[in-house]
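Engineer: Start from the sequences, fold in the hints, and give me the full structure.
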Amino acid sequence: MSGKTLTSLSARQTSRPLFDAEIVKSAALDSFRKLSPRVQVKNPVMFTVYIGSMLTTVLFIQALFLQMSGGRGEAPTGFILAISLWLWFTVLFANFAEAMAEGRGKAQAATLRQARAETPARKLTEARRDAASEMVSSTTLRKGDIVLVVAGEPIPCDGEIIDGVASVDESAITGESAPVIREAGGDRSAVTGGTRVLSDSILIRISADPGETFLDRMISMVEGAKRRKTPNEIALNILLAALTIIFLLVCATLLPFSLFGVDQAGQGTVISVTVLTALFVCLAPTTIGGLLSAIGIAGMDRLIQANVIAMSGRAVEAAGDVDVLLLDKTGTITLGNRQATAFLPAPGVTEAELADAAQLSSLVDETPEGRSIVVLAKEQFGIRQREVAELGATFIPFTAQTRMSGVNLSGGPDGKSILKGAPDSIERLVTEAGGEFPQAVQGFVQDIAAEGGTPLLVAEKSESGARVLGAVWLKDIVKGGIREKFAELRRMGIKTIMVTGDNQLTAAAIAAEAGVDDFLAEAKPEHKLALIRQIQAEGRLVAMTGDGTNDAPALAQADVGVAMNTGTQAAKEAGNMVDLDSSPTKLMEIVSIGKQLLMTRGSLTTFSISNDIAKYFAIVPAAFVGMYPGLSVLNVMGLATPESAILSAVIFNALIIVLLIPLALRGVAYRPAGAARILRDNLIIYGGGGLLVPFVGIKLIDMALVALRLA
Amino acid sequence: MDTASILTVAVYLLVLLGLAWPLGIYMAAVLEGRPGFLGRVLGPLERLLYRLCGVDPQQEMDWKSYALAMFLFSMAGFLVLYGLERLQGLLPLNPDGLGAVAPDLAFNTAMSFVTNTNWQAYGGESTLSYLTQMLGLTAHNFVSAATGIGVLAALIRGLTRQETCFLGNFWADLVRSTLYILLPLSIVLALALVWQGVPQTFGGAVKATLGQPVAYEITPSADDLKADLTLKPTPAPIPMVATQQAIARGPVASQEAIKQLGTNGGGFFNANAAHPFENPTPLTNFLELLAILLIPAALCHTFGRMADDARQGWVLLAAMTAIFLAFLSVCLWAEHTGVPQMAALTGGHGAGNMEGKELRFGVTASALWATATTAASNGSVNAMHDSFTPLGGLVPMVLMQLGEVVFGGVGSGLYGMLVFAIIVVFIAGLMVGRTPEYLGKKIEAFETKMCSLVIMVPLFGVLLGTAWAVMTASGKAAIANPGAHGFSEILYAFSSMANNNGSAFAGLNANIPLYNLLGGLVMFTGRFWLAIPVLALAGSLAAKKRVPVGAGTLPTHTPLFCGLVICVVLVVGALTFIPALALGPIVEHLMMLGH
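Protein chains in written order, with my numbering: chain A, 184 to 894; chain B, 25 to 619.
Everything hinted at is true.
No farther apart than 16 Å at their CA atoms in a straight line, the calculated lysine to aspartate or glutamate pairs in the EDC-like style are these:
#	chain 1	residue 1	chain 2	residue 2
1	A	K326	A	E343
2	A	K668	A	E772
3	B	K569	A	E721
4	A	K412	B	E468
5	A	K289	A	E205
6	A	K599	A	D539
7	A	K289	A	D213
8	B	K500	A	D446
Covered stretches of chain B (in silico footprint by chain A; criterion: 3 or more residues with CB under 8 Å from a CB of chain A, positions within the stretch not fixed):
#	segment
9	493-506
10	571-584
Because the hints were derived from the structure by calculation, they are not lab data.
C-beta: ideal position from N, C-alpha, C; glycine also.
Structural biologist: In structure tokens, the structure reads:
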């Protein structure tokens, strides 16, 4: 399979309209398939409508037979038929809504399945490139197996690179066409089954058994196959079921009330079971009941369209509840690359000497900061690029523990090395070597940090001791528009905490510039975990993103842990969502999607319940006007006949489900604002609207029935 | 409605709300075990009671132990009361020599008082001995109200504590509520009533010789006909002459005080507070009216204080007051407007609808009482609701059908309202895009389940009870008026019993086995199938962490939230009862207007 046939997920989603003809067609078919009682019984509200439809069908058949034998049914035969048909439509429309929501996921799952197709794999007996190999099918691979994949071959299964480096086309999963580099060791060692090696060859240790791979999980999530009701959905279902039971009781007791009333009034007819069923279906919260599962599936689908795979629906709901976002400074709040902007030499050192030493220490440093030092040294002092090997120097790599890097000029005169690093590391280095840490440099560090910059100190260490040469001013560049984003989050009641390895002063200055609420400076992975635990102990929910293996514990601890797709296998397994775009700002989008999901449920519940008022005004006078003619005063809509009134209410009840499908799939409009404001707006739209719309709708349908001479 | 009516209502509300605040704060202190001055006076008695009963008041209970203690205590009380009624003929303090109460009536009455309903299928002065009235009914007036306060206190503790299973000690709550809240208030009110002329005596009925003998006729009833087959189908009335009148009296003031304060409502006399010995003067009328709503209103502040946020209590009190005022206006308007047919006869110079009302109270005080007594689950009457205009009678009926949450019973009213608040938080919370929280407690599946139960159970009692009664011959035979009004009578009876109010519409002969047994059952479910889920809810909430409040949290102290609570209470009630009401008072009203 090539990158061409495997159209990326994201490209497909953005191009697909809400009502794709293909999806609509298959959803229409599915709505009939879902008539099976086994499917219906899962939704308590719609199941009662389903039973009502069957009941009225039986009543219709009975009336038909009675009519043929000269008698008459409990209500006019045509009326029972009309009610029965529209009750079936109500069930079908709800099925259709669910099928529509599922349909979008199914189409995506089909694309992913192609990537999962069986492929040949070169299985090795040992973890050596020259070990004996045999060709096996990818489906026979088990956890711990070693395979060799060379350029042009698909990666057979999820795994960890144990040897080699390769460029990998991951477009099947991420939709990103540019290849990514994967290499053994470090945070870029995870590969995903279904992706393709473009160059070089790699040894992979398989990390997932068949059926448990990332792709498998993705397919089942997208398809909704493993969809279980989420906690909030269960709670809402309980409330809706309670309402349904109440209305069932209200309608059931109307029969004896009506018998008694007719007996007492001495006129009119006892309410028919058909009318009672119609009344019940109109009152039961069928609008939200019919759309509830579609809303849930569509929420997951919106997340997928944002290129995020959630491992459970629970995580999506939790995203709406998040109180605190932990955001890494680099890449999220600031542009990844800090730039060196000035050299501040220590007393007794010239600026040029400092620049020279700084450049020397950064020659092998491929980080953007290191490169910017080399560039600055060249710009200001014309110091040229040198070859490390020629100098006989060796690179001292940066580690999280030493927090310094540099070069060891072992070939030089007296085993001298030049190091650069965070001020506290350099200070420790110098004082431990018996040197003195100059007051002036301390001043530079504070000045730079106070201005939001990052001070980087350069030191020289030899057998005789160590001394500070001076400071390099690295400037962080805060992303445009991020401040407004944080202000928005604050209005939504979400606190942002910036996490950075910088010192307190630097962190404070950037935090102020970016407008975050709080920051964690000089952070190590274990600090992050401790912070999350502390916030959770206060009863708040935390969301974070992470990619490295050392992020895994924090990702697992966070309520919403979003792992970058570029991250390690460990990170992906620890989090409950994977961001295929690996975008650090994705968290904010995820939070909105979670909130929107809950808002859609709440708004449609309110709409559904407030609809009932109008339906009472349509049905109650119609049902009892024969017994007590005075009740015709309550027919405020001026509906033509009792039959047309009841039928109009039932038709409205069915049609509103269809009309609200787009809203259920898209979610209600969401603006970041405080809770009180959102509540007021949604109440006006869905509460007020829910009260008024059915009055208009039922009247219009009644007029149409009259015009069509059906009433 | 005239200025005098508006002034009456305004003064009433002002005094009520003015007294509710300090009482609410005091009750919070009592429930937290700091009864202050009274604690120094009555503390030894409290500790003696604990020692006698072997109770350690410091021993906290989880929700199951609390519920078990509450339930067993109530059931034991039920058995004692039932026993008293059945054996009263053999027991002392029975100067009028009243015999045993019939089993079905004794069952109904015992259940009625244990559940704080005080539905009275009996006539007090002609059925119960002083011992039964005092040791049975008055005692239950105290402890059933104290039980309600206890369950409420447990729910508030569930909302305010975190990560614990303990909800307080039922026995301590019971003793403290009785000793420090109900008893002192009752003593004060009883003394005021005695001052105004309410009897408080162990002496039996007095016989008065009529200045002028009265001649009257009695017609043998259907029962007599069955008993004596020699009587003709249409027997002739038997002429009678009365020379003496028996005037019933007894320890009235003490029962009257707690009957009002504890939202019990069970009168000493059959005519309840319309009887001049229960409610002789406009002043007693005002004081008793005040006593009806005082504790339920004050408990809102108790809640605010215990939740450490007075606004939370104010919001619920405001919602209750607003619903109360709306219904009161309808009732006042309907009763002052009266019946058009009557107005036509009097040339429009009627004083409103005076049928069934006491002249010493008039329309306004009667309508105010009818609204207050059904807003709270009190049920005492100073006028006969059966004689109200259709809409005037609809008001008390609907107030009960709303689930007795507009003030409601002592304790039970506020815990019912808190359940509604939780339902509101659930729906409104979803609308702001968060898992709903109330006072920082997440509302999840279990909470929704318990709240649904609390809302559903009384509705079931009303609708199923009414349906059963209208389908049986004996149920229908007990109706006094034909047509839609007869339906209203039955609907009213079950609305009253299922919601533990006890108010009677009059007109319905409720003392038949059907109403006694079915009524007893719905009173039982209406009390305990609510109280136990509420305690389960409290237990589940107590175990949760408290989520700190932020800008994204739905605020539950705003006018908007208050409005939402009002809407949800009204909508749930309306959606459930509109069809039934349409067949009762609504159609009566339309017929009265000539439609």
